[in-house]
Each structure stands twice: as structure tokens, then as C-alpha cells.
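2 protein chains.
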Amino acid sequence: MKTPKLYAVIMAGGRGTRFWPLSRNSRPKQLLKIIGDTTMLQMTVDRLRKVKFVEDIYVVSGPDLAQIIGSEIDGISEENIIIEPSGKNTAPCIGLAAQHLLKRDPEPVMGVFPSDHLIVGHRPFSGALRIARDLAVSDHHLVTFGVVPSSPHTGYGYIQFDKQIELSEGKAFRVKTFAEKPTPRVAQRFLKSGDFLWNSGMFVWRAVSFMDAMEHLMPEHFRVLVEIGDTIGKRNYLSTLNDKWSFLSPESLDYGILEHAENICVVQAEFEWSDVASWNSYYDVLSRNGDGNVVRGDGIIVEGKGNLIYSTDKLTAVVGLDNVAVVNTPDATLVVSRDRAEEIKKVVDLLKKEGRDELL
Amino acid sequence: MKTPKLYAVIMAGGRGTRFWPLSRNSRPKQLLKIIGDTTMLQMTVDRLRKVKFVEDIYVVSGPDLAQIIGSEIDGISEENIIIEPSGKNTAPCIGLAAQHLLKRDPEPVMGVFPSDHLIVGHRPFSGALRIARDLAVSDHHLVTFGVVPSSPHTGYGYIQFDKQIELSEGKAFRVKTFAEKPTPRVAQRFLKSGDFLWNSGMFVWRAVSFMDAMEHLMPEHFRVLVEIGDTIGKRNYLSTLNDKWSFLSPESLDYGILEHAENICVVQAEFEWSDVASWNSYYDVLSRNGDGNVVRGDGIIVEGKGNLIYSTDKLTAVVGLDNVAVVNTPDATLVVSRDRAEEIKKVVDLLKKEGRDELL
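As they're listed, the protein sequences go chains A and B. Mapped onto the working numbering, the consecutive letters of the first sequence carry residue numbers 681 to 1040. Mapped onto the working numbering, the consecutive letters of the second sequence carry residue numbers 681 to 1040.
Derived by calculation from the structure, the hints in this document are not laboratory data. Be a bit skeptical, because a hint or two may be false.
Claimed, not checked - Derived, one-sided and incomplete: chain A residues facing chain B with beta-carbon distance under 10 Å: (1) 895; (2) 897; (3) 912; (4) 965; (5) 966; (6) 970; (7) 985; (8) 987; (9) 993; (10) 1004; (11) 1013.
Claimed, not checked - Using 30 Å as the maximum straight-line C-alpha spacing, the simulated DSS-like pairs for lysine-lysine come out as follows: (12) A:783 - A:914; (13) B:713 - B:851; (14) B:924 - B:768; (15) A:861 - B:985; (16) A:1032 - B:985; (17) A:1033 - B:985; (18) B:924 - A:985; (19) A:985 - B:851; (20) A:1025 - B:1026; (21) A:1032 - A:713; (22) B:732 - B:861; (23) A:861 - A:872; (24) A:851 - A:730; (25) A:682 - A:713; (26) B:682 - B:861; (27) B:685 - B:730; (28) A:985 - B:685; (29) A:851 - A:861; (30) A:1026 - B:985; (31) B:1026 - A:985; (32) A:985 - B:1033; (33) B:682 - B:924; (34) A:985 - B:985; (35) A:872 - A:851.
What the hints assert, rightly or not - Ranges between beta-carbon positions, derived for each pair: (36) A:844 - B:977: 34 to 42 Å; (37) A:865 - B:865: 53 to 61 Å; (38) B:802 - A:967: 56 to 64 Å; (39) A:1019 - B:976: 23 to 31 Å; (40) A:861 - B:868: 56 to 64 Å.
Positions of the beta carbon are idealized from the N, C-alpha and C atoms, including for glycine.
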């Protein structure tokens, strides 16, 4: 029997407001070159292109970003950009992509990937993908990827694993539960217990398995997505998509499917991974000097430890402060305590409220 | 007997590096509009012009600042700008001014004023000046002004006073000692003792009294300054000044004269005063909102207390931090813990060392 083909679907519709002021509506985090010389999305595409058994790569994004993605990202042709008319969270996004794959191939395996995570280690990444594909094909599993926690991180979701699945190489487990971002105390307990992994937000399954789960758990969404799928390649596709999509309620993959589905397993990742979700986790993945300071761009740090300066603009000096992130862009400067980096959303919300769209 | 005339001498040669990045070599603190709509120097000039018995106002400054002072400061004519060829600290500066006054008037009283301090209260200021002038004239006192301490400030010099001098109005004392910037513990003791005042850095004396003290305590400086003084109004003034001035050793008024002179008294100031010497003391003189935050320019503070944002440039957001000062100018950004504000000198020194003159 021929192994079904694996298609990569990159979800690139996010805004990444936690990277404000560097990230903006027109230039969200996945389109920033914050690590190395290429954008996070380009790094994701390149990573998947290097995996030999990935048949093709699709990117799902909003109408406003489709053009810039098409013109700036190497290795993405326009027909591989799937446009979601508006953000409806992850479940509808993945369902739409599944419909497209099913139009192209009756038996596709789909890998779902965030567009803006950092992964270090090609071989373990490729190896984990192969294991996941085989599990998805052989046992119709919905496969997740879990990272062995190195700290009681409170910014990640956790996967509690159960019985190990017998494999010739690598490690995979049945999933017992998904746990949302824990409190520091709960995170300590997770870490100590040894049977929790970080949820990396990447998934592999047969498109048919996913749609089956959706039919069972989100029947209304299923019905609409199949209706949309029926028009793919036809003249009424766009009008149908725009019409029907607007009525879909937003739903996350986790709430909508994963937390209720049977037959979920987790492949233990051997690669290094970070979601680089905030300036603080960005700081965490960079190499620091002896005082724990990081300077990107023109910066001076005097009498301070554990600071991050990221300046695309001009000289930035930090004096007598510890554990602060300073981000300097041509039209806005952010100064934030690293351990409060999540709260910059409040600044973005305030700017929205004040109608200062030029800064969003 | 006719009361001798009081001439105000404003010392405007300082660099005010502690106000970097707003202050620069070409635009030192006294030329900044940090409080209100006029420069600190203009405020000083205006304050003195409002005092009826001030006969005329002189400004002493370096050659590089003379032009901008002449062109930008209202109420200063070019002949009232005394140029010191280079910075030699306060004692030679005041000696040079004394020589100029003695050429104009055989019996001048001189008031010496910093160019960049904040004083609130015209009547008490004017009243203190009158008392000082009378003490300087009647008893040939060297008169200082002391401010009743409201806190154990470690950034000010202190004056310990002795026996009160009998006056019809106001308060003045003989001076016992001058104390340099104290440690926090010593400052607490000074405050508690009740016989210490902050040294405001303003002085009044007969020019002759000052030169007499200099002749006694700094004879070499005295000799050179008299030689320079002899050429004032003559064709060889500038060449003599430039020649002789370069050989003078720098000396502060405090070390050179005040700490050793007899016949020093202090007038107790009833006006509000601050030397506004750093971003921290700048913060102290501003009015704060309920969280103790101050925003000048375009700024947002979220989840933080006791912060200062001063932006001449662009939106500046502070998140999750307390007691931080952020100063944003078009070509440099400073982020400093308010209680470490003195240490920004280290940044300026580093920039000097790196030859980044455009930022100095």
C-alpha cells in the first residue's frame, strides 16, 4: 500500500500583538525578521521544504496579509495561499484547509503548523513528523507534538500523556488530557510529575480523520465547511466562502475538537522549540552576555542585568535597571518589565480605543 | 549714604550632562525648555529682571554658547555676556565677572546665580535678595542662601548655621560649616538636627569683598584675574584673557573660598527651590497623577507607579514598571531607574570614548 502524502498547512493569520511595537496589523510577528535574516514564516516554510516527504506547503491567512505573503515569502505560489475571509480561530481555519486538500487528493495527510514558532534541529523535527504521519495513517490518530518541559512555564498549554505507544523508533503516547496555561504552582506540579509535555501547537492527521471528528463534535461547522468545500474550483467558490464563513462562530481547535476527541496521541519532540510569543520568550531564546543582557541594534546597558534592547531605530541606553525589555521602533518605544511582557496587550487595546490606527 | 548697586551674574557655562539625552553640548540644560515654555536661563533672567533693585544682568558662559545665548535669550545684550575661554569651575568664573563689574562701578554688589535652577515665589526671592544685599554692604559679609530641607536629600550640599543675625525682617545666620553631599545616614542626621540648610548655590557679596577673599585664599588666581581685569575695555583684553586664563587651575568656589573664608552668613530662603539637577529631581518638581506618574509628550503608562515619560519624539509606552524615567528624543532614548539617575554620566562617558560626538 502506498503511504498517503503529507501536506503542510501553515496557519499565518495571527496578529502577534504581543510583539508590539515591532509587530503591526500590516506586519504581524510571522512577517518579522526577529531571529536571523528571514521572517518567522519564511523560516517555517524553509523548515518544511527541507522535509523530503512533505508533498506541498499551504499557507492560510487573512485577505489583508495574502498579498505580502505571496510577494515576500520564497517558495509559496499564489494558489497555495488559502484565504480565510476573517479570523475565526483555529478550528474553522484547519477545516477550510482540510477541504482544499481533499479536493486535491482523496487521501491527504495534513500537518498543521504555526507560522511563527522557533524550532532548532532539522533531523529530530523531520523524524517526529515521520512518526506522526505513520501514526496518523496506520491508526487514524489525531497526532500532537509534545515538548519535554525544561521549566515550569506558565505561558504554554500542557499535554498529560498516558500509555506509551510501541514504536520502532521515537516516543509517542496516548493523550490523557489537555491542560491550559497553568498557574506557577500547577506548572511546578506538572514539571515534577514527569507525565506532562508542552503543547507545541503542531498537529498531524488524515484530513478525513479531522473532518470526521468535526462532524461529530462541531456538526454545524462541519456542514458549512463541506458546503464551502463543494464549491472549491468552481466559479461560486469565493462568494460561497464569503457568505457562509461570516456565519461561522469562532472556535479553537483545543476547545472544539482536541479536548473531546478520541484517539489522540502525542509524539515526544526531540527538537528545541519555543513559541516566541512575547518579548520575554524572545529574550529567552537569545544568547546573552555575562550580565544576561541582550542588545539588538544600537544599545548601551550600564549597571543592569537581564535586559533586552531591541532597537530598529536609534541609540537606546538602559541605566540601573534589571530584567527590562526596551523595544525602539521609528514611531513607538516600549519599555516593559520582562515578567509583565504579556500586558503590552493593554497598550495595544488603549491605542485601538483612542483610534491611533497608525500605531497598530 | 547711597546703597551700592546690585548686579546679577548668571553662571551659564555648565553642560548639564545629567539631562542627557535631552541636553547636549550645543544645547545644555540651561537652554532647554523643560519647565514651562521658556528655557531655564530665560526663567532665571526673567526672575532677576522682576527684582527692582537689580541694576543689570550679566551672563558668564563659554565661547560656544555665547552666540545662542545672545540670540535666544530675551533681555540679554551682547555686552552683558562675559565669555570665559574655557571652563575653570566656579571660582575663576566669578572672579572674572567681579573684574568686569569693578570696571563699570567702583562699589558693585554682585549676586551670583546658577542659570538652571527652579525657584518658585517672587516675593520671598526678592526679599531674600534684599536682605542679602544689605548684609553684604553693611558688614562686608559673603552671603549664601540656605533652603530649609524638606527631606534628607543626598544630592545637595548643606550649610550648618550658627548664631542668628539680628534683622528687622527675615532670617539670617552666621555660617558654621559647609558640608558636601552627605550619605543617606548623615543626611538624616542633618535633617533631624535642625541646624542645617540646603546650599542653594546662590551668593551675594561686594565684588571687593570677594576679591579680598580671593587675594587671601587664592593669591595666584587673584593676581591673574587682576591682570586680566586691567585690560578690560582695552584692545589687548581678548588676547590677555585667552593667554592668562589657560594657565588658571580649575577651582570651585566652595573649596577655593567659602570653606576657608571668614564672615560668611546664610539667608534663610522662604522660596521653593530645586537645582533640577537630574531626571529624578526633575520628576520631583513636577505634578504627578494619582499613581505618581508624569507624562510629558506622547506617552502611555500601564500597570506602573512613580514613572516619568519625557518624549519629544514619539509614542512611549511603559508597562509593568515602577520609578523609571524614560526620555525619548529624535536620536536617542534613555531608560533609567529614577534612583540611579546620576549614573547616566556613564553613558555620556561611553559615548565620548566611542567618539559618537553627534550624540553628545
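Each hint tested on the structure:
no., hint, in the structure
1, 895, "44 Å, violated"
2, 897, "38 Å, violated"
3, 912, "44 Å, violated"
4, 965, "21 Å, violated"
5, 966, "19 Å, violated"
6, 970, "17 Å, violated"
7, 985, "12 Å, violated"
8, 987, "9 Å, holds"
9, 993, "8 Å, holds"
10, 1004, "7 Å, holds"
11, 1013, "5 Å, holds"
12, A:783 - A:914, "11 Å, holds"
13, B:713 - B:851, "33 Å, violated"
14, B:924 - B:768, "12 Å, holds"
15, A:861 - B:985, "28 Å, holds"
16, A:1032 - B:985, "23 Å, holds"
17, A:1033 - B:985, "22 Å, holds"
18, B:924 - A:985, "48 Å, violated"
19, A:985 - B:851, "49 Å, violated"
20, A:1025 - B:1026, "34 Å, violated"
21, A:1032 - A:713, "25 Å, holds"
22, B:732 - B:861, "34 Å, violated"
23, A:861 - A:872, "16 Å, holds"
24, A:851 - A:730, "22 Å, holds"
25, A:682 - A:713, "39 Å, violated"
26, B:682 - B:861, "40 Å, violated"
27, B:685 - B:730, "15 Å, holds"
28, A:985 - B:685, "57 Å, violated"
29, A:851 - A:861, "24 Å, holds"
30, A:1026 - B:985, "16 Å, holds"
31, B:1026 - A:985, "16 Å, holds"
32, A:985 - B:1033, "22 Å, holds"
33, B:682 - B:924, "36 Å, violated"
34, A:985 - B:985, "21 Å, holds"
35, A:872 - A:851, "20 Å, holds"
36, A:844 - B:977: 34 to 42 Å, "60 Å, violated"
37, A:865 - B:865: 53 to 61 Å, "41 Å, violated"
38, B:802 - A:967: 56 to 64 Å, "59 Å, holds"
39, A:1019 - B:976: 23 to 31 Å, "27 Å, holds"
40, A:861 - B:868: 56 to 64 Å, "47 Å, violated"
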